[in-house]
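Enquirer: When we follow UniProt numbering, the leftmost residue of the sequence shown carries the number 1, and every step to the right adds one.
Bear in mind the hints are in silico, worked out from the structure with no lab data behind them. Just to be clear, a hint being listed does not mean it is correct.
Stated by the list, open to error - Below are the DSSO-like pairs computed for lysine-lysine, each with C-alpha atoms no more than 30 Å apart in a straight line:
#, residue 1, residue 2
1, 86, 134
2, 255, 226
3, 187, 86
4, 96, 72
5, 96, 226
6, 256, 147
7, 117, 72
8, 174, 86
9, 147, 72
10, 226, 256
11, 96, 117
12, 147, 134
13, 27, 117
14, 27, 147
15, 134, 226
16, 72, 86
17, 255, 147
18, 134, 174
19, 249, 72
20, 174, 249
21, 117, 134
22, 72, 134
23, 72, 27
24, 86, 96
25, 96, 174
26, 226, 187
27, 174, 27
28, 117, 86
29, 249, 226
From a predicted model like this one, the values you see are computed outputs, not experimental measurements.
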Amino acid sequence: MTNDYGILLESGTNELEIVEFEVQNNKYGINVMKVKEIIQPMPITFIPHAHDHIEGIIQLRGEVLPVIDMAKVLGMPPSENQSSDKYIVTEFNQQKVVFHVQNVTRIHRISWNDIEKPSEMYQGGNNQIIGVIKINGTMILLIDFEKIVVDINPHSGIHVDQIRSLGKRERSEKQIIVAEDSPLLRKLIHDTLNEAGYERVEFFENGQHAYDFLESTLEQENTFEKVQLVVTDIEMPKMDGHHLTKRIKEHPQLKKMPVIIFSSLITDELRHKGTGVGADAQVSKPEIARLVEYIDELAL
């Protein structure tokens, strides 16, 4: 199964398609935009002293790809009958990774508005759950695949050091709005933008809250004195980044506001989606230095 269907989903509709998969009969979901294809398991080459979650590597059409065992990631036993096991081949954060799951069941098309944020009571500090979807009396848990990969390889994440290479900079008074649902990434973006000289950064955990704030500034004062630029993730509950960008660019007063999409989903195949909703720039996580360069260009 190759990912042709996800490409067809119109940009900016605030909808997404998820692939539902199972581990020990529990249901989980991954955004179709991350999925390249779904294949049958194939022979794995074991890697000595690799991270415990890494099963090994496979060769797929000439590419060597790591295989992550989702049962181990989720703290569950391996499947007793592996006949329904599948490999989900993904691409995000500029890398390809294979996830070994115990079954792939179907694809759902849903609205970001239907995804509930996990309660802090059961989410915990190391939890990989970023959303809960209720469909037909069952619950599907959306998994934070970026966190899984960064936990295995911390160097694949965002680092303040990337900013220091830009050299000493003047502090900027420009106000930036950032829509990002991950608390960890909000802190990393805050620290790196601060290092880059941008101290006036306001964070919102989804696109809806960011848009409501922008609209509220229209009632109080000239928005462009209050906010100079918006940075948004794509995958967020309530309102995703493509829909946020589209709403801003279609608004008669906000349409000149520069919008940068900063997401793990910026690939050659998916870049046209951001272009279609009017984004001024698109940067793939974790390239924070590139993000700062675009902010310099569009806000200063």
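Enquirer: All hints are to be evaluated individually against the structure, with a verdict given for each.
Expert: Verification of the hints:
With a CA separation close to 24 Å, the supplied pair residue 86 and residue 134 stays within the 30 Å bound. A distance of roughly 15 Å separates the Cα atoms of residue 255 and residue 226; the hinted pair therefore holds under the 30 Å criterion. Between the alpha carbons of residue 187 and residue 86 the distance comes to roughly 35 Å, so the proposed pair goes past 30 Å and is violated. Distance check on the hinted pair: residue 96 and residue 72 sit about 19 Å apart at the alpha-carbon level, within 30 Å; holds.
Only pairs whose Cα atoms come within 30 Å are accepted, and residue 96 paired with residue 226 is rejected, the gap being roughly 40 Å. Proposed proximity of residue 256 and residue 147 is contradicted: the alpha carbons are some 34 Å apart, above 30 Å. Between residue 117 and residue 72 the CA atoms are separated by roughly 24 Å; this keeps the pair inside 30 Å, and the hint holds. Between residue 174 and residue 86 the CA atoms are separated by roughly 48 Å; this puts the pair beyond 30 Å, and the hint is violated.
Using a Cα cut-off of 30 Å, the hinted pair residue 147 and residue 72 holds, with the two alpha carbons roughly 14 Å apart. Between the alpha carbons of residue 226 and residue 256 the distance comes to roughly 14 Å, so the proposed pair stays at or under 30 Å and holds. Taking the CA atoms of residue 96 and residue 117, the gap is about 27 Å. The hint holds against a cut of 30 Å. Distance restraint check for residue 147 and residue 134: the Cα-Cα separation of roughly 23 Å lies within the 30 Å cut-off, and the hinted pair is therefore satisfied.
Using a Cα cut-off of 30 Å, the hinted pair residue 27 and residue 117 holds, with the two alpha carbons roughly 17 Å apart. Our distance criterion of 30 Å between C-alpha atoms is met by residue 27 and residue 147, whose separation comes to about 19 Å. A threshold of 30 Å between alpha carbons decides the hint, and for residue 134 with residue 226 the separation of about 38 Å lies outside it, so the pair is violated. At most 30 Å may separate the alpha-carbon atoms for a hinted pair to count; residue 72 and residue 86 meet this at roughly 15 Å.
Proposed proximity of residue 255 and residue 147 is contradicted: the alpha carbons are some 33 Å apart, above 30 Å. As the CA atoms of residue 134 and residue 174 are separated by approximately 41 Å, the hinted pair breaks the 30 Å bound. Proposed proximity of residue 249 and residue 72 is contradicted: the alpha carbons are some 43 Å apart, above 30 Å. Simply put, residue 174 and residue 249 have alpha-carbon atoms about 20 Å apart, close enough for the 30 Å limit, and the pair holds.
Under the criterion of a C-alpha separation no larger than 30 Å, the hint pairing residue 117 with residue 134 is consistent with the structure, at around 12 Å. Annotation: proposed proximity of residue 72 to residue 134 holds, straight-line Cα distance about 25 Å (limit 30 Å). Straight-line distance between C-alpha atoms of residue 72 and residue 27 comes to about 15 Å, which keeps the hinted pair within the 30 Å bound. The suggested pairing of residue 86 with residue 96 holds, with an alpha-carbon distance near 16 Å, which does not exceed 30 Å.
Restraint check for residue 96 and residue 174: the C-alpha separation of about 36 Å exceeds 30 Å, so the hint is violated. Restraint check for residue 226 and residue 187: the C-alpha separation of about 22 Å stays at or below 30 Å, so the hint holds. Of the pairs offered as hints, the one joining residue 174 and residue 27 is violated, with about 44 Å between alpha carbons and a cut-off of 30 Å exceeded. Proposed proximity of residue 117 and residue 86 is supported: the alpha carbons are some 28 Å apart, at most 30 Å.
Pair hint residue 249 plus residue 226 holds up; C-alpha atoms about 18 Å apart against a cutoff of 30 Å.
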